[in-house]
Amino acid sequence: MHINNHYFYDQERCEFIPIEYNIYQQVAYNLSIWILTGITLASIGMIVLSNFVGTPSELALTTENKILLEKLEETKQTITNLDQQLKDLSQRDAELYRSILGLEKSLDEEILLGIGGSNLYKEYEIYSENAAEILEWTSQKLDELERRINIQDLSLEEIKAQYNENKSALKHIPAIKPGGGILLSGFGMRRHPVLGYTRPHDGLDFRADIGSDVYATGDGEVILAKRRGTFGRTIIIDHGFGYKTLYAHLSAYEDYIKVGTKVKRGQVIAKTGNTGLTEGPHLHYEVHFNNKPVDPLTYLFADISPEEYLLFKQIAEKNNKSY
Numbered sequence: 006m007h008i009n010n011h012y013f014y015d016q017e018r019c020e021f022i023p024i025e026y027n028i029y030q031q032v033a034y035n036l037s038i039w040i041l042t043g044i045t046l047a048s049i050g051m052i053v054l055s056n057f058v059g060t061p062s063e064l065a066l067t068t069e070n071k072i073l074l075e076k077l078e079e080t081k082q083t084i085t086n087l088d089q090q091l092k093d094l095s096q097r098d099a100e101l102y103r104s105i106l107g108l109e110k111s112l113d114e115e116i117l118l119g120i121g122g123s124n125l126y127k128e129y130e131i132y133s134e135n136a137a138e139i140l141e142w143t144s145q146k147l148d149e150l151e152r153r154i155n156i157q158d159l160s161l162e163e164i165k166a167q168y169n170e171n172k173s174a175l176k177h178i179p180a181i182k183p184g185g186g187i188l189l190s191g192f193g194m195r196r197h198p199v200l201g202y203t204r205p206h207d208g209l210d211f212r213a214d215i216g217s218d219v220y221a222t223g224d225g226e227v228i229l230a231k232r233r234g235t236f237g238r239t240i241i242i243d244h245g246f247g248y249k250t251l252y253a254h255l256s257a258y259e260d261y262i263k264v265g266t267k268v269k270r271g272q273v274i275a276k277t278g279n280t281g282l283t284e285g286p287h288l289h290y291e292v293h294f295n296n297k298p299v300d301p302l303t304y305l306f307a308d309i310s311p312e313e314y315l316l317f318k319q320i321a322e323k324n325n326k327s328y
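Just so we're aligned, residue 6 is where the sequence shown starts under the working numbering, counting upward by one.
Among the hints, erroneous ones may be present.
[Said to hold, decoys possible] Under the rule of at most 25 Å between Cα atoms (straight-line distance), these lysine-lysine pairs were calculated in the BS3-like manner:
no.: 1; residue 1: K182; residue 2: K71
no.: 2; residue 1: K176; residue 2: K269
no.: 3; residue 1: K182; residue 2: K172
[Said to hold, decoys possible] Label pairs and their computed distance ranges (CB to CB):
no.: 4; residue 1: N169; residue 2: L282; range: 37 to 47 Å
no.: 5; residue 1: E162; residue 2: K76; range: 35 to 45 Å
no.: 6; residue 1: S173; residue 2: N86; range: 11 to 21 Å
no.: 7; residue 1: A257; residue 2: K81; range: 30 to 40 Å
no.: 8; residue 1: Y168; residue 2: G247; range: 30 to 40 Å
no.: 9; residue 1: L161; residue 2: F246; range: 19 to 29 Å
no.: 10; residue 1: K92; residue 2: G247; range: 22 to 32 Å
no.: 11; residue 1: E170; residue 2: P205; range: 12 to 22 Å
no.: 12; residue 1: A137; residue 2: N169; range: 32 to 42 Å
no.: 13; residue 1: K297; residue 2: I187; range: 38 to 48 Å
no.: 14; residue 1: D158; residue 2: N86; range: 48 to 58 Å
no.: 15; residue 1: D243; residue 2: L161; range: 22 to 32 Å
Just so you know, the hints here were simulated from the structure itself, not pulled from any lab data. The model shown is predicted, which means the values in this text are computed figures rather than measured ones. No residue lacks a Cβ here, since even glycine has one placed at the ideal position from N, Cα and C.
Construct the complete structure from the given sequences, taking the supplied hints into account.
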């Protein structure tokens, strides 16, 4: 870079004369221009960085906050899932255990779950709006879960006490799996694989190889052991107390099984098969209470864990086809 030429007008000579600069003046001039330009650009850069990018420490905090918010969202989803599982277990208690044992509805959850208020979570107002909202929601849900767990504990203690007083009667309740393996289809409206249209499916279908054991799910008396239409070979057991169970698509009955035979829970009564109108070998199982079909899944409390119950429930809800 060089200095632009400058001139002055010489009146005596009547002409413009160029101004002479020495090399030091030219270098100094060039340096001053470079320095001034550099300072200007640096100032602009600092303004841009401070307004849009931030300092290294600010960048680190921004990244950390983003990660924390993501973790909070994950925790929120986990809490939501746990809350739903606990609600399912509470509903199962109310619909099954407590009703079977003749207990009144569980403790008034609306009163217990209503404890609290917005003032309990004011401490989170110092954070950003997103963080404060997630933290407050998380705290509220955790408090609610704690109260639900306390309610569940009290309910289970009451159920246990009532159960111990009614063990003999409870042996008649159909409370175990009738056999078979994986749950194929649940209770409700299902598409029939052979007929091709949707109709009520009044029981559960379990995958089973031909010849697998079939068990009585509660103490009772055999009231039917013969072929029955699309069910093929069928057994019906009357358990008393309003309960009956049906086992269908059987390949064979145990030799001792006939109308009037007394059976115990867990006793082998037949072998699985493929008789009747069916797509493949499996065990069809029904529970009837007061002559109305009910979801057998809610009665498997003596044979599956709460985790297995929830898994079976999810499978039953997803599968919309009977077998």
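These are the hints, each one checked on the structure:
{"no.": "1", "hint": "K182 to K71", "in the structure": "48 Å, violated"}
{"no.": "2", "hint": "K176 to K269", "in the structure": "8 Å, holds"}
{"no.": "3", "hint": "K182 to K172", "in the structure": "19 Å, holds"}
{"no.": "4", "hint": "N169 to L282: 37 to 47 Å", "in the structure": "44 Å, holds"}
{"no.": "5", "hint": "E162 to K76: 35 to 45 Å", "in the structure": "36 Å, holds"}
{"no.": "6", "hint": "S173 to N86: 11 to 21 Å", "in the structure": "39 Å, violated"}
{"no.": "7", "hint": "A257 to K81: 30 to 40 Å", "in the structure": "54 Å, violated"}
{"no.": "8", "hint": "Y168 to G247: 30 to 40 Å", "in the structure": "18 Å, violated"}
{"no.": "9", "hint": "L161 to F246: 19 to 29 Å", "in the structure": "22 Å, holds"}
{"no.": "10", "hint": "K92 to G247: 22 to 32 Å", "in the structure": "27 Å, holds"}
{"no.": "11", "hint": "E170 to P205: 12 to 22 Å", "in the structure": "37 Å, violated"}
{"no.": "12", "hint": "A137 to N169: 32 to 42 Å", "in the structure": "49 Å, violated"}
{"no.": "13", "hint": "K297 to I187: 38 to 48 Å", "in the structure": "27 Å, violated"}
{"no.": "14", "hint": "D158 to N86: 48 to 58 Å", "in the structure": "20 Å, violated"}
{"no.": "15", "hint": "D243 to L161: 22 to 32 Å", "in the structure": "30 Å, holds"}
The structure fails hints 1, 6, 7, 8, 11, 12, 13, 14 (numbered hints given earlier, in ascending order).
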